[in-house]
Amino acid sequence: MVVSGMGNSLVFAIIPMIGRALQLQELVVEWPALGIVWHPRELAITSLSAMTALVASVFSAHWGRASDVRGRRQVLLVGLAGYGVCALLFSGTAALGLFGVLSGSLLWSALMVMRGVHASVTTASQPAASAYVADITLPNERTRGIGKLNAAIQVGMMSGPVLAWFAGISLLAPLVIHALVMFAMALLVHRRLPETVQQTRLRGPRTRLRFFDPRYARFTVIGLVTYMCLAIMQQTLGFYIQDILHIDPAAAAQRFAMAMMCSSMAMFVMQIVAAQRFAWSPLTMLKLGLPVALLAFLVVAFATGLPQILLAMTLFGVGMGLALPGYAAGASLAVTADEQGGIAGISSSVASVVICSAATRRIALLMASCGAVLGRVAALTPYRYSFGRA
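Residue numbers for the sequence shown follow my numbering, so the first one is 71 and each next one is one higher.
The hints are simulated quantities; they were obtained by calculation from the structure and are not laboratory data. Hints are not guaranteed to be accurate.
[Stated by the list, open to error] Quick list of simulated restraints, FRET-style, between CB atoms:
1. H316 to L113: 45 to 55 Å
2. A165 to F282: 42 to 52 Å
3. G174 to L263: 36 to 46 Å
4. W235 to S173: 25 to 35 Å
5. L365 to W235: 30 to 40 Å
6. I239 to L113: 21 to 31 Å
7. E265 to H316: 27 to 37 Å
Here a beta-carbon is modelled for each residue, glycine too, at the ideal position from N, C-alpha and C.
Turn these sequences into a full structure, and let the hints steer you where they fit.
Structure, rendered in C-alpha coordinates:
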(Lines of atoms letter the chains of each structure in order from A; the text may use other names.)
(Lines give C-alpha, C1' and ligand atoms only; values in the text may rest on other atoms or scores of the structure.)
Protein backbone atom coordinates (compact mmCIF):
# COMPACT_ATOMS: atom_id res chain seq x y z
CA MET A 71 0.00 0.00 0.00
CA VAL A 72 3.03 2.27 0.26
CA VAL A 73 3.42 2.00 -3.51
CA SER A 74 -0.30 2.64 -4.06
CA GLY A 75 -0.06 5.75 -1.89
CA MET A 76 2.88 6.93 -3.98
CA GLY A 77 0.71 6.69 -7.07
CA ASN A 78 -2.06 8.78 -5.52
CA SER A 79 0.22 11.70 -4.67
CA LEU A 80 2.22 11.35 -7.90
CA VAL A 81 -0.92 11.88 -9.95
CA PHE A 82 -1.70 15.14 -8.13
CA ALA A 83 1.86 16.32 -8.75
CA ILE A 84 2.31 15.29 -12.39
CA ILE A 85 -1.13 15.49 -14.06
CA PRO A 86 -1.28 19.33 -13.97
CA MET A 87 2.15 19.52 -15.63
CA ILE A 88 1.16 17.04 -18.31
CA GLY A 89 -2.12 18.86 -18.90
CA ARG A 90 -0.39 22.18 -19.43
CA ALA A 91 2.27 20.61 -21.66
CA LEU A 92 -0.60 19.30 -23.80
CA GLN A 93 -2.17 22.78 -23.67
CA LEU A 94 -5.46 21.40 -22.43
CA GLN A 95 -6.18 24.77 -20.81
CA GLU A 96 -6.48 26.15 -24.36
CA LEU A 97 -9.10 23.57 -25.32
CA VAL A 98 -12.21 24.78 -27.12
CA VAL A 99 -15.16 22.38 -27.30
CA GLU A 100 -17.68 23.17 -30.04
CA TRP A 101 -21.11 21.77 -30.85
CA PRO A 102 -21.99 23.58 -34.13
CA ALA A 103 -25.42 22.00 -34.38
CA LEU A 104 -26.34 23.49 -31.00
CA GLY A 105 -24.39 26.68 -31.42
CA ILE A 106 -22.39 25.95 -28.27
CA VAL A 107 -18.75 26.95 -27.80
CA TRP A 108 -17.21 25.96 -24.47
CA HIS A 109 -13.84 27.00 -23.04
CA PRO A 110 -13.21 24.69 -20.05
CA ARG A 111 -9.76 26.22 -19.38
CA GLU A 112 -8.20 24.69 -16.22
CA LEU A 113 -11.26 22.48 -15.78
CA ALA A 114 -10.02 20.47 -18.75
CA ILE A 115 -7.04 19.45 -16.59
CA THR A 116 -8.74 19.05 -13.21
CA SER A 117 -11.51 17.01 -14.84
CA LEU A 118 -8.97 14.22 -15.36
CA SER A 119 -8.70 13.79 -11.59
CA ALA A 120 -12.44 14.26 -11.16
CA MET A 121 -13.10 11.48 -13.68
CA THR A 122 -10.83 9.16 -11.70
CA ALA A 123 -12.66 9.90 -8.46
CA LEU A 124 -16.09 9.55 -10.08
CA VAL A 125 -15.35 6.13 -11.56
CA ALA A 126 -13.61 5.01 -8.36
CA SER A 127 -16.71 5.87 -6.33
CA VAL A 128 -18.70 3.47 -8.52
CA PHE A 129 -16.24 0.58 -8.73
CA SER A 130 -14.81 0.51 -5.19
CA ALA A 131 -17.85 -1.24 -3.75
CA HIS A 132 -17.82 -3.71 -6.65
CA TRP A 133 -14.22 -4.72 -5.99
CA GLY A 134 -14.91 -4.99 -2.29
CA ARG A 135 -17.71 -7.49 -2.95
CA ALA A 136 -15.51 -9.27 -5.50
CA SER A 137 -12.85 -9.81 -2.83
CA ASP A 138 -15.49 -11.53 -0.68
CA VAL A 139 -16.29 -13.92 -3.53
CA ARG A 140 -12.95 -14.41 -5.32
CA GLY A 141 -10.52 -13.80 -2.48
CA ARG A 142 -8.47 -10.82 -1.33
CA ARG A 143 -5.25 -11.88 -3.04
CA GLN A 144 -6.78 -12.26 -6.50
CA VAL A 145 -8.51 -8.86 -6.39
CA LEU A 146 -5.38 -7.20 -5.03
CA LEU A 147 -3.43 -8.62 -7.98
CA VAL A 148 -6.00 -7.15 -10.38
CA GLY A 149 -5.55 -3.73 -8.78
CA LEU A 150 -1.75 -3.77 -8.81
CA ALA A 151 -1.23 -5.23 -12.28
CA GLY A 152 -4.14 -3.21 -13.66
CA TYR A 153 -2.56 -0.03 -12.39
CA GLY A 154 0.62 -0.77 -14.33
CA VAL A 155 -1.22 -1.54 -17.56
CA CYS A 156 -3.52 1.48 -17.34
CA ALA A 157 -0.70 3.86 -16.40
CA LEU A 158 1.17 2.78 -19.52
CA LEU A 159 -1.96 3.24 -21.65
CA PHE A 160 -2.48 6.73 -20.26
CA SER A 161 1.19 7.58 -20.83
CA GLY A 162 0.96 6.32 -24.39
CA THR A 163 -2.11 8.45 -25.06
CA ALA A 164 -0.41 11.51 -23.58
CA ALA A 165 2.67 10.79 -25.68
CA LEU A 166 0.51 10.90 -28.81
CA GLY A 167 -0.60 14.35 -27.72
CA LEU A 168 2.95 15.53 -27.04
CA PHE A 169 4.01 14.36 -30.51
CA GLY A 170 1.04 16.06 -32.15
CA VAL A 171 -0.72 12.88 -33.30
CA LEU A 172 -3.76 13.71 -31.17
CA SER A 173 -4.98 17.16 -30.19
CA GLY A 174 -7.99 19.16 -29.11
CA SER A 175 -11.22 17.49 -28.07
CA LEU A 176 -10.11 14.11 -29.38
CA LEU A 177 -7.03 14.12 -27.15
CA TRP A 178 -8.99 15.31 -24.13
CA SER A 179 -11.67 12.66 -24.66
CA ALA A 180 -9.04 9.93 -25.04
CA LEU A 181 -7.32 11.01 -21.82
CA MET A 182 -10.64 11.08 -19.97
CA VAL A 183 -11.42 7.54 -21.14
CA MET A 184 -7.96 6.34 -20.08
CA ARG A 185 -8.35 7.87 -16.63
CA GLY A 186 -11.79 6.27 -16.29
CA VAL A 187 -10.49 2.84 -17.29
CA HIS A 188 -7.54 3.33 -14.93
CA ALA A 189 -9.84 4.08 -11.99
CA SER A 190 -12.20 1.19 -12.76
CA VAL A 191 -9.36 -1.31 -12.30
CA THR A 192 -6.98 0.23 -9.79
CA THR A 193 -9.67 0.77 -7.16
CA ALA A 194 -9.47 -2.97 -6.50
CA SER A 195 -6.35 -2.56 -4.35
CA GLN A 196 -7.64 -0.50 -1.43
CA PRO A 197 -10.77 -2.50 -0.48
CA ALA A 198 -8.95 -5.82 -0.99
CA ALA A 199 -6.09 -4.72 1.27
CA SER A 200 -8.47 -3.37 3.92
CA ALA A 201 -10.50 -6.58 3.90
CA TYR A 202 -7.27 -8.61 4.11
CA VAL A 203 -6.32 -6.70 7.27
CA ALA A 204 -9.80 -7.34 8.69
CA ASP A 205 -9.39 -11.07 8.02
CA ILE A 206 -6.09 -11.38 9.87
CA THR A 207 -6.91 -9.21 12.90
CA LEU A 208 -9.11 -9.90 15.90
CA PRO A 209 -11.91 -7.39 16.64
CA ASN A 210 -9.91 -5.79 19.45
CA GLU A 211 -6.92 -5.44 17.09
CA ARG A 212 -8.88 -4.03 14.15
CA THR A 213 -8.14 -0.37 14.86
CA ARG A 214 -4.41 -1.10 15.11
CA GLY A 215 -4.41 -3.05 11.87
CA ILE A 216 -6.24 -0.38 9.90
CA GLY A 217 -4.00 2.26 11.48
CA LYS A 218 -0.95 0.45 10.12
CA LEU A 219 -2.53 0.17 6.67
CA ASN A 220 -3.38 3.88 6.59
CA ALA A 221 0.12 4.71 7.82
CA ALA A 222 1.59 2.74 4.92
CA ILE A 223 -0.55 4.71 2.48
CA GLN A 224 0.51 7.92 4.19
CA VAL A 225 4.20 7.05 3.77
CA GLY A 226 3.53 6.55 0.08
CA MET A 227 1.69 9.85 -0.15
CA MET A 228 4.65 11.64 1.40
CA SER A 229 7.26 9.93 -0.78
CA GLY A 230 5.30 9.85 -4.05
CA PRO A 231 6.29 13.36 -5.22
CA VAL A 232 9.94 12.21 -5.19
CA LEU A 233 9.16 10.34 -8.40
CA ALA A 234 8.20 13.66 -9.97
CA TRP A 235 11.95 14.38 -10.10
CA PHE A 236 12.13 12.09 -13.13
CA ALA A 237 9.95 14.59 -14.98
CA GLY A 238 13.25 16.26 -15.80
CA ILE A 239 13.91 13.33 -18.13
CA SER A 240 10.38 13.29 -19.53
CA LEU A 241 7.01 14.39 -18.20
CA LEU A 242 5.80 10.83 -18.64
CA ALA A 243 8.83 9.17 -17.03
CA PRO A 244 7.40 9.25 -13.46
CA LEU A 245 4.23 7.47 -14.56
CA VAL A 246 6.14 4.83 -16.52
CA ILE A 247 8.58 4.18 -13.66
CA HIS A 248 5.74 3.88 -11.17
CA ALA A 249 3.91 1.49 -13.50
CA LEU A 250 6.98 -0.78 -13.54
CA VAL A 251 7.14 -0.66 -9.73
CA MET A 252 3.48 -1.71 -9.57
CA PHE A 253 4.21 -4.68 -11.84
CA ALA A 254 7.00 -5.68 -9.45
CA MET A 255 4.63 -5.42 -6.48
CA ALA A 256 2.04 -7.54 -8.28
CA LEU A 257 4.68 -10.21 -8.87
CA LEU A 258 5.68 -10.08 -5.22
CA VAL A 259 2.07 -10.47 -4.07
CA HIS A 260 1.57 -13.37 -6.51
CA ARG A 261 4.57 -15.25 -5.16
CA ARG A 262 4.63 -14.36 -1.47
CA LEU A 263 1.21 -13.29 -0.20
CA PRO A 264 -1.02 -16.20 0.88
CA GLU A 265 -4.79 -16.05 0.85
CA THR A 266 -6.20 -15.64 4.34
CA VAL A 267 -7.56 -18.72 6.08
CA GLN A 268 -10.71 -16.77 6.93
CA GLN A 269 -11.34 -15.87 3.30
CA THR A 270 -10.64 -19.37 2.01
CA ARG A 271 -13.30 -20.69 4.36
CA LEU A 272 -15.87 -18.03 3.53
CA ARG A 273 -15.47 -17.81 -0.24
CA GLY A 274 -18.79 -17.96 -2.11
CA PRO A 275 -21.83 -15.79 -3.02
CA ARG A 276 -22.39 -12.76 -0.80
CA THR A 277 -25.25 -10.41 -0.01
CA ARG A 278 -24.77 -6.94 -1.49
CA LEU A 279 -24.37 -4.30 1.21
CA ARG A 280 -26.30 -1.06 1.02
CA PHE A 281 -24.49 2.27 1.29
CA PHE A 282 -26.55 3.31 4.32
CA ASP A 283 -27.17 -0.02 6.00
CA PRO A 284 -28.47 0.76 9.54
CA ARG A 285 -25.58 -1.18 11.09
CA TYR A 286 -22.97 1.28 9.85
CA ALA A 287 -24.96 4.23 8.46
CA ARG A 288 -23.65 6.56 11.18
CA PHE A 289 -20.09 5.67 10.21
CA THR A 290 -20.85 6.32 6.54
CA VAL A 291 -22.17 9.79 7.36
CA ILE A 292 -19.15 10.55 9.55
CA GLY A 293 -16.85 9.28 6.79
CA LEU A 294 -18.52 11.43 4.13
CA VAL A 295 -18.21 14.61 6.17
CA THR A 296 -14.70 13.79 7.39
CA TYR A 297 -13.40 13.20 3.87
CA MET A 298 -15.23 16.31 2.67
CA CYS A 299 -13.34 18.37 5.22
CA LEU A 300 -10.08 16.72 4.17
CA ALA A 301 -10.74 17.38 0.48
CA ILE A 302 -11.79 21.00 0.99
CA MET A 303 -8.70 21.68 3.10
CA GLN A 304 -6.41 20.18 0.47
CA GLN A 305 -8.07 21.99 -2.43
CA THR A 306 -8.42 25.44 -0.88
CA LEU A 307 -5.48 25.88 1.48
CA GLY A 308 -3.12 26.94 -1.31
CA PHE A 309 -5.43 29.79 -2.34
CA TYR A 310 -5.99 30.75 1.30
CA ILE A 311 -2.23 30.93 1.94
CA GLN A 312 -1.73 33.14 -1.09
CA ASP A 313 -4.52 35.48 0.01
CA ILE A 314 -3.52 35.98 3.64
CA LEU A 315 0.24 36.10 3.04
CA HIS A 316 -0.05 38.22 -0.12
CA ILE A 317 2.53 36.22 -2.06
CA ASP A 318 2.85 35.01 -5.65
CA PRO A 319 1.63 31.55 -6.73
CA ALA A 320 5.11 29.99 -6.74
CA ALA A 321 5.82 31.07 -3.16
CA ALA A 322 2.33 29.98 -2.11
CA ALA A 323 2.96 26.53 -3.59
CA GLN A 324 6.13 26.18 -1.51
CA ARG A 325 4.38 27.13 1.70
CA PHE A 326 1.46 24.89 0.84
CA ALA A 327 3.89 21.98 0.48
CA MET A 328 5.32 22.79 3.92
CA ALA A 329 1.85 22.82 5.45
CA MET A 330 0.86 19.53 3.85
CA MET A 331 4.10 17.93 5.02
CA CYS A 332 3.30 18.96 8.60
CA SER A 333 -0.16 17.46 8.24
CA SER A 334 1.13 14.22 6.69
CA MET A 335 3.80 13.72 9.32
CA ALA A 336 1.33 14.30 12.16
CA MET A 337 -1.16 11.92 10.56
CA PHE A 338 1.52 9.26 10.15
CA VAL A 339 2.65 9.58 13.78
CA MET A 340 -0.89 9.21 15.10
CA GLN A 341 -1.61 6.17 12.94
CA ILE A 342 1.63 4.30 13.50
CA VAL A 343 2.41 5.34 17.09
CA ALA A 344 -0.64 6.49 19.05
CA ALA A 345 -3.13 4.01 17.56
CA GLN A 346 -0.69 1.11 18.02
CA ARG A 347 0.40 2.01 21.55
CA PHE A 348 -2.95 2.84 23.13
CA ALA A 349 -5.25 0.49 21.15
CA TRP A 350 -8.19 2.88 21.42
CA SER A 351 -11.63 1.80 20.28
CA PRO A 352 -13.04 3.36 17.08
CA LEU A 353 -15.44 5.51 19.11
CA THR A 354 -12.62 6.81 21.31
CA MET A 355 -10.54 7.70 18.24
CA LEU A 356 -13.48 9.58 16.75
CA LYS A 357 -14.15 11.43 20.00
CA LEU A 358 -10.51 12.47 20.21
CA GLY A 359 -9.87 13.16 16.53
CA LEU A 360 -12.92 15.19 15.55
CA PRO A 361 -12.51 17.99 18.14
CA VAL A 362 -8.82 18.32 17.28
CA ALA A 363 -9.74 18.66 13.59
CA LEU A 364 -12.29 21.33 14.55
CA LEU A 365 -9.61 23.21 16.47
CA ALA A 366 -7.35 23.06 13.39
CA PHE A 367 -10.01 24.70 11.21
CA LEU A 368 -10.50 27.45 13.76
CA VAL A 369 -6.74 28.13 13.91
CA VAL A 370 -6.60 28.33 10.10
CA ALA A 371 -9.60 30.65 10.01
CA PHE A 372 -7.91 33.13 12.34
CA ALA A 373 -4.35 32.65 11.06
CA THR A 374 -2.38 35.78 10.17
CA GLY A 375 0.91 34.17 9.19
CA LEU A 376 2.68 30.98 8.21
CA PRO A 377 3.45 29.75 11.78
CA GLN A 378 -0.25 29.62 12.64
CA ILE A 379 -1.01 27.77 9.41
CA LEU A 380 1.71 25.19 10.07
CA LEU A 381 0.38 24.71 13.61
CA ALA A 382 -3.15 24.32 12.28
CA MET A 383 -2.11 21.73 9.70
CA THR A 384 -0.21 19.77 12.34
CA LEU A 385 -3.36 19.71 14.46
CA PHE A 386 -5.37 18.77 11.38
CA GLY A 387 -3.05 15.81 10.76
CA VAL A 388 -3.43 14.71 14.39
CA GLY A 389 -7.23 14.88 14.14
CA MET A 390 -7.45 13.09 10.80
CA GLY A 391 -4.87 10.53 11.89
CA LEU A 392 -7.25 9.50 14.67
CA ALA A 393 -10.61 10.00 12.98
CA LEU A 394 -10.02 8.19 9.68
CA PRO A 395 -8.85 4.85 11.18
CA GLY A 396 -11.63 5.17 13.76
CA TYR A 397 -14.21 5.53 11.01
CA ALA A 398 -12.86 2.60 8.97
CA ALA A 399 -12.45 0.30 11.97
CA GLY A 400 -15.90 1.16 13.30
CA ALA A 401 -17.54 0.31 9.98
CA SER A 402 -15.55 -2.93 9.75
CA LEU A 403 -16.62 -4.05 13.22
CA ALA A 404 -20.27 -3.35 12.41
CA VAL A 405 -20.49 -6.19 9.86
CA THR A 406 -19.82 -9.92 9.85
CA ALA A 407 -16.67 -11.69 8.68
CA ASP A 408 -18.12 -12.55 5.27
CA GLU A 409 -19.00 -8.89 4.61
CA GLN A 410 -15.56 -7.37 5.19
CA GLY A 411 -14.85 -6.91 1.49
CA GLY A 412 -18.17 -5.23 0.92
CA ILE A 413 -17.74 -2.74 3.75
CA ALA A 414 -14.14 -2.05 2.70
CA GLY A 415 -15.40 -1.21 -0.79
CA ILE A 416 -18.05 1.13 0.59
CA SER A 417 -15.48 2.85 2.80
CA SER A 418 -13.21 3.39 -0.22
CA SER A 419 -16.06 4.69 -2.35
CA VAL A 420 -16.93 7.24 0.36
CA ALA A 421 -13.54 8.91 -0.12
CA SER A 422 -13.89 8.87 -3.91
CA VAL A 423 -17.38 10.38 -3.85
CA VAL A 424 -16.11 13.24 -1.72
CA ILE A 425 -12.99 13.93 -3.79
CA CYS A 426 -15.11 14.12 -6.92
CA SER A 427 -17.81 16.36 -5.40
CA ALA A 428 -15.39 18.61 -3.51
CA ALA A 429 -13.94 19.84 -6.79
CA THR A 430 -17.22 21.66 -7.45
CA ARG A 431 -17.38 23.22 -3.98
CA ARG A 432 -14.17 25.22 -3.84
CA ILE A 433 -15.95 28.49 -3.20
CA ALA A 434 -17.05 27.04 0.15
CA LEU A 435 -13.48 27.45 1.43
CA LEU A 436 -12.86 27.46 5.16
CA MET A 437 -16.27 28.57 6.46
CA ALA A 438 -18.01 25.57 4.92
CA SER A 439 -15.32 23.23 6.18
CA CYS A 440 -15.48 24.64 9.70
CA GLY A 441 -19.26 24.39 9.73
CA ALA A 442 -19.08 20.81 8.52
CA VAL A 443 -16.70 19.84 11.29
CA LEU A 444 -18.93 21.51 13.89
CA GLY A 445 -21.86 19.59 12.49
CA ARG A 446 -20.15 16.23 12.59
CA VAL A 447 -18.94 16.76 16.17
CA ALA A 448 -22.48 17.65 17.22
CA ALA A 449 -23.94 14.75 15.25
CA LEU A 450 -21.65 12.33 17.03
CA THR A 451 -23.12 13.08 20.46
CA PRO A 452 -26.56 11.43 19.99
CA TYR A 453 -24.83 8.16 19.03
CA ARG A 454 -23.01 7.88 22.32
CA TYR A 455 -25.00 4.85 23.40
CA SER A 456 -25.96 3.42 20.00
CA PHE A 457 -22.27 3.08 19.11
CA GLY A 458 -21.91 0.72 21.99
CA ARG A 459 -18.37 -0.54 22.38
CA ALA A 460 -17.48 -0.46 18.69
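Results of checking the hints against the structure:
1. H316 to L113: 45 to 55 Å: 27 Å, violated
2. A165 to F282: 42 to 52 Å: Holds, since A165 and F282 (Cβ atoms, about 43 Å apart) stay within the stated range.
3. G174 to L263: 36 to 46 Å: Holds - the Cβ-Cβ distance for G174 and L263, about 44 Å, lies within 36 to 46 Å.
4. W235 to S173: 25 to 35 Å: At 28 Å between Cβs, range holds.
5. L365 to W235: 30 to 40 Å: Holds, at about 36 Å.
6. I239 to L113: 21 to 31 Å: 29 Å, holds
7. E265 to H316: 27 to 37 Å: 57 Å, violated
The earlier numbered hints that this structure contradicts are 1 and 7.
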